[in-house]
Amino acid sequence: MDNANPTIHTSTHVARGREELLREDDESAEDAIDALEIFEHIRHINDPEHPNTLEQLKVARLEDILVGADETVTIRFTPTVPHCSMATLIGLCIRVKLLRSLPERLKVDIYVAPGSHASEHAVNKQLNDKERVAAALENEKLLEVVNGCLVGGGAAPHAGS
Amino acid sequence: MASASASARLECVAELRGHTDRVWCARWAPSGALLATCGGDHTVRIWACDGAGAWACRETLSDVHTRTVRRCAWSPSGAQLATASFDGTVGVWELARPGGETECSATLEGHENEVKDVAWNRTGGLLATCGRDKSVWIWEVVEEGEFECASVLREHTQDVKAVVWHPHADTLFSASYDDSIRVWAADADGEWACCAALRAHESTVWALAFDAAGERLYSVSEDRALVVWKADSEQRYGGAPAFAPHARLDRAHARTVFCVHCDGASGRVVTAGADDALRVFEPTDGGDGLRPLAEARGAHAGDVNSAAWSPRADGRLCTAGDDRVVRIWQLSA
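Chains as they are written, first to last, in the UniProt record's numbering: chain A, 1 to 161; chain B, 1 to 333.
Be aware that one or more of the hints could be misleading.
Said to hold, decoys possible - Straight-line alpha carbon distances no greater than 27 Å define the calculated DSS-like cross-link-like pairs of lysine-lysine that follow:
{"hint": "1", "chain 1": "A", "residue 1": "130", "chain 2": "B", "residue 2": "134"}
{"hint": "2", "chain 1": "A", "residue 1": "125", "chain 2": "A", "residue 2": "141"}
{"hint": "3", "chain 1": "A", "residue 1": "125", "chain 2": "A", "residue 2": "107"}
{"hint": "4", "chain 1": "A", "residue 1": "141", "chain 2": "B", "residue 2": "134"}
{"hint": "5", "chain 1": "A", "residue 1": "125", "chain 2": "A", "residue 2": "58"}
{"hint": "6", "chain 1": "A", "residue 1": "130", "chain 2": "A", "residue 2": "107"}
{"hint": "7", "chain 1": "A", "residue 1": "125", "chain 2": "B", "residue 2": "134"}
{"hint": "8", "chain 1": "A", "residue 1": "58", "chain 2": "A", "residue 2": "107"}
{"hint": "9", "chain 1": "A", "residue 1": "130", "chain 2": "A", "residue 2": "58"}
No lab work stands behind these hints, which were simulated from the structure alone.
Produce the complete structure using the sequences and hints provided.
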């Protein structure tokens, strides 16, 4: 796994152009999902604390999304500070957005980028425990906060499809 | 058979549809004629099989739990069903005859939040529950339909995922997000305490199962391994032996393993998990290890959360998945 996080700007223009191509596909078609499509789903998520999107803060980066041949998706996100108390919430927002956007057959693993968080192991373990995620999503207050991060100005054009 | 590849077949013989969300658990009634299932749609469903082998939902129990029903457990007599819910309660249901109405006879409250598993001991006189509050509760049946908390056990440092009683003793085994398995028993004064912590997994232990003799314990984990624990005859915890790791299948599955169950008659072990696969292993000659016997890849269109052998020892299995479906499988040579 590539640990480096080169600061490559993914321009909005390129991402949108690609997305429009994808949109032409019928949702029933077995189109291959790539990192760009995943990124398109999560880049507009609002940060819980800042008036910016995960893309703007470089919390989510295209190069930290890996789509495997066996329908696995691995996403590494980079909290803005190593003690970010919102890391679990950000990860949960990414998970919920993808639960609502991607075909159910895909296996999604979400981690904080290696070395980017003081409680890396604990955050990773919690984000990938489906039982904890399921319980969290039955908590209406928490779900409200998550939904608040998922709507807003930057919502992807075909969100929630 | 020198080859490690599967040599028997798993065929899906029935599909039970009705749940409107992920199915977390499917359990055979002791008679093998009924199934209880529960899941993310907050319901518990009782399914019955007719003489021709067709399954139909007989009852949907939806008026008690307000959140996910994580697991359900039949009492040894099959007269009652206990349900563990994320709403923090445990329901105890008196099973109705066909045409009747199954009613909730008791609601056990005490856990601070999500209850994740519930298990009856071999006599049906004790009930164990566990949950996110890191505790294990032992409940005593004091009178019919009346339960009293005998102990609240707090040794796990993280949430407790599963509880299983030893098949021949009132000794409880619990599996946790803290990567350990703990063993609990009561002393001569009836005081419950932790007797041992078993460590062989590198991550959350999701499920446990015993063989019929109670001499093998199987555990599965997020670390993808299936660990076989062997009884050590020297130490005894409340009538159960102590266990030590004996064999380990490091990559039992390609992703987290969520469930394990052992067939009483054949000793065959079934596992399933987040790689959507169902696998059957059989004890090797001498019973010291396990070898792959059969597998069904894509057993469900999503994680397989539960797998259990029919108590009829007929090679039947039931599975439950994130795809909202319950399936019945037949193992054949």
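Here is how each hint holds up against the structure:
no. : hint             : result
1   : 130/A with 134/B : 17 Å, holds
2   : 125/A with 141/A : 22 Å, holds
3   : 125/A with 107/A : 15 Å, holds
4   : 141/A with 134/B : 23 Å, holds
5   : 125/A with 58/A  : 22 Å, holds
6   : 130/A with 107/A : 11 Å, holds
7   : 125/A with 134/B : 16 Å, holds
8   : 58/A with 107/A  : 24 Å, holds
9   : 130/A with 58/A  : 26 Å, holds
The structure fails none of the hints (numbered hints given earlier).
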